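A.B. asks: Given chain A, work out where chain B should sit, using these hints.
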Amino acid sequence: MSPAREEILGKLRGALKRGPLTGERAAKLEARLANHPAGIVPRRSEGLDRKGLTKLFEDQAVEIATTVERVRTLADVPRAVADYLSCHNLPAEFAAAPDPLVDKVPWSERPLLKLKRGKPSPTDAVGLSVGFCGIAETGTLMLLSGPDNPSTLNFLPDDHIVILPASRVVGPMEEAWRQLRESRGGAMPRTVNFITGPSRTGDIEQKLEMGAHGPRRQHILIVEDESLR
Amino acid sequence: MQSTSHAFKDNAHEALGNRHLQSALDKMRAGFPQRRLDAIGKLPEFEDLREQGREIKNHVLENLDWYLERYERNVIAAGGHVHWARTPEEMRQIVLGLCRKLGARTVTKGKTMIAEEVGLNDFLESEGVTPIETDLGEYIIQLRREPPSHIIAPAIHLTKGQVEKTFRETHTDLPPDRNLEEPRSLVAEARTMLREKFLKADVGITGANFLIAETGSSVIVTNEGNGDLTQLLPRAHIVLASLEKIVPTLEDAAALLRLLARSATGQDMSVYTTVSTGPRRAEDPDGPGEYHVILLDNGRSGMLGTEFQEMLRCIRCGACMNHCPVYGAIGGHAYGWVYPGPMGAVLTPSLIGIENAKHLPNASTFCGKCESVCPMKIPLPKMMRHYREREWQRRLSPPAARVGLKFWAFLALRPPLYHFFYAIAAQVLGLLGRRQGSFYNLPLAGAWTATRDMPAPQGRSFQEMWHQRRKKKAV
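For the protein sequence lines, the chains are A and B, in the order given. Basically my numbering = 1-based index in the first sequence + 164. Basically my numbering = 1-based index in the second sequence + 119.
Chain B on its own, in the form it takes in the complex:
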């Protein structure tokens, strides 16, 4: 997918003024956090499970090469195939090669962020293979030719009115006077349209929430059942996954599943958790005749052994974005690439380079909510700070900020000078602002005061007051 992460600031401004988006985001902010809280409230072990999840993934990452080889061996033993892709280009070519070999014309797709990451849909289309998204949210945004705005709720930026308009424009064979006012009728219409596609598809592509080394299985989790119809009906099932999806055993998968749905949607379990191992057996009445897994690196091996290794624990639940005040204000599209929110602010620069995504690690108030709700205890703010440091070292931050920070650092290293300047500033600003109580604009801080007022200082600095109080006490 083409990134617009470099234009984050413009994207964010636009998002703040988008009425539809703001109304959709209002609903999100009210929904996800409360449901998560309700679900974990019913599971006293949740905190211990987080710690355990963190340990399982850390263990996997320390032994990732071994587990990947073992996983591969077991996929092959079950009659499946494993392909390795270093880059998005390699993954696209492998998928296309398989489609060509199978003579595939249409491909149904369960939700996969990896396919978004490698830009699979546009590529397949340009090669004459028709990809059909089957997750309702993904289907809607595919019709609208938009990228997902959330990793588990891809159409969360849209209102039902917008969806209705899209369906009327696309499903032109249906009676124009049909009632599509309520989500119920929209869901029913999508179900009918997609059922036909499921039955006709030649190949089904899904992602994977987990890959189990012990058995060579892939696991997907959905609420709709689209991932299952996608993999069961066509002649072949292709799984797209990144390297770090490995877990050692079925029991480890059970442990992480307890964290995933609760953190994501506030369910104890998503409706469908499906564990797939190889192609259909000789005696099976249904299921895909071929089973392929394509493992994608795309920069992840470069994160291992660095300060960003912990990001590879991510299980893509979306809790960090559901709780993020910045995501909640601007939605996912502003982030400009596949992964939005706090996890995207770390993952995007890791995968496409900090020079292409330098604003993202700055799109944070460092309130720490993301880390506190992360089921895998990923220290997201710390990693954003690492990226800010890198940005500084590589001189990617804007000159005004660099000069300002250098000036501040010069003063901060000289406390008497700092207090002197600060006292003068507090006095002058206090005098100037006494009448109105706050400033509507300030020189050098125009961007800041454009959207908020700066309260006027009270004339004395904290340090001054502190010293005075101590003197009084001494007397």
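So here's chain A without its partners, still in its complex pose:
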């Protein structure tokens, strides 16, 4: 143990006029961590059904300059991606997450699309990821790092497309945390990215400009297929 550590902790305890916490007080803190109670949750997403949540998510996302397209099933994804690329005059080649959901997309229907699976190279103009959750409260995407979804995909390309099954749209951020705790038994991935719109800056005269360092455009494909998890 470093002397700095001991001195700092000693000073804190001195200021709080007590020694290290033990017994009942420590147990209370343990319990608070173990139960991780949620506090006040904004009512704006309360009581909404799947349709309502998806609508709120979409409205909030559009508000912060994300673009959203709803598609019925994964089979519609290649068409939607191709349309997006041609609409913005983008190359047909893009970096795509090795996520199993991407494997389920029938890409062969659009033979001109060229997927590069894995993390992007600095020259890739477009990245495609799969969202872990969509948070309706604020129109926020939640993406987890890991072999399925390299985090650099979220930041290096100029255009970032995210596939999000509608079943993954939740109300508040607390619900997104709950899903993460359940899916991984409490283990945190290296990086959790909450993304609320495309990159921007107001650093020059407070004038809002898109595309500061991250993607200039953020596009979400909501897949409405109820059977998709």
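Hints should not be assumed to be uniformly reliable.
[Stated by the list, open to error] Calculated pairs, BS3-like style, for lysine-lysine (alpha carbon to alpha carbon, straight line, at most 25 Å):
no. : chain 1 : residue 1 : chain 2 : residue 2
1   : B       : Lys488    : B       : Lys146
2   : A       : Lys219    : B       : Lys161
3   : B       : Lys319    : A       : Lys280
4   : B       : Lys128    : B       : Lys501
5   : A       : Lys278    : A       : Lys268
6   : A       : Lys371    : B       : Lys279
7   : A       : Lys371    : B       : Lys161
[As the list claims (entries may be wrong)] Between beta-carbon pairs, the in silico distance windows are:
no. : chain 1 : residue 1 : chain 2 : residue 2 : range
8   : B       : Glu133    : A       : Glu233    : 50 to 58 Å
9   : A       : Asn199    : B       : Trp567    : 57 to 65 Å
10  : B       : Ala307    : A       : Glu188    : 54 to 62 Å
11  : B       : Gln121    : A       : Glu188    : 43 to 51 Å
12  : A       : Asn199    : B       : Ser491    : 32 to 40 Å
In case anyone wonders, no lab produced these hints; they're calculated from the structure. Since this is a predicted model, take the numbers as computed values, not measurements. Think of the CB as a built atom: it goes at the ideal place given N, C-alpha and C, for glycine as much as any other residue.
C.D. replies: Here is chain B on its own, set in the frame of chain A:
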């Protein structure tokens, strides 16, 4: 960072006469407060969330040692390292030691006020490690060799013309006839220049908005995405944070995030909120190979248990300075150290000593706006008053003010004498000023009348009129 807080008065005078600065501040005053108001108007729970945020942080501060130890344990469990620094010097040495160990030549930096506090950039440069600021505002002021003037908008004191000039002087490889008139082209140029730096950097340094005890995670919030490229691309991610950044759980972080962006920029959420836990996992295709957190005390443990403890709730949103009439008039540089505005007027004397920052707690009209917009309900005016008291006790206030106040106190404690003097003064000044209606200068109050006129009294004091009215009523 070297402080010039002792020269606040001169700094402020200069700021008031700076045309560029005043034009930039006009834009700030018009922007931030309205955006905040719009955002909280859409969230009926905002007031309750403030109260809850205050409680969460108070709970943390009462148990800070326990939470820090738990946080440390969980960082280590996730494969990261925790270092403790008592002083800026210790923090600088730890950073340098890590850079040396990693053979780092260039370091990209996300925005961190702690790095400003410990003067990291100058130090690294002097040791042969090149720091590159990547937040656009920080990048601009690094090129200009200036300190930040605002904790979330570091270049808010500059006009686009000044930024253009800086870019032309720095990016000399680019065609001189390029168009840089609009912020859009300036942003694009910075993006291109910095992209190269991101890809080449050996180490990435960021700050932390929160440290989560439950998971050993650090959280940063940005709009640009620079903090993410900073931490994802290099071989190691170093987090600089002060002790009080701890929150217990992920849910507590969610609760405070609802306050942060709304209070800061009027957004519901900043664009990128990133929760980082340890280094990249064995199976991860990207991310930093090492993860280090350096915890800085630098005087904060000395604030705990005192009348300044509540300042440790601060989440650095900048709302207090965005709404402060004094900050709005002079900008951040006049405050002379890292933290400007009302929060700086309390934090600076706490960290560098009241004797080095005695003007700051006086740089307030006590209008109370800072406290009313603070998402953590920090009683900033009250704490400034505590510092004014300390200043008085330690005889740091100027002799003229001390003599004047003593004289006033002598009278105020003797009401009949007070009324007698006051009535005479009102009469004499009323007579003297009757013709012009106001005074353009007054003996002993030259500093006050230098920038404003003193309206002439109407000849009678309030007390006199009050007594007369009561007599009339009685009749």
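A.B. asks: Which of the listed hints are not met by the structure?
C.D. replies: Violated hints: none at all, because every hint is consistent with the structure.
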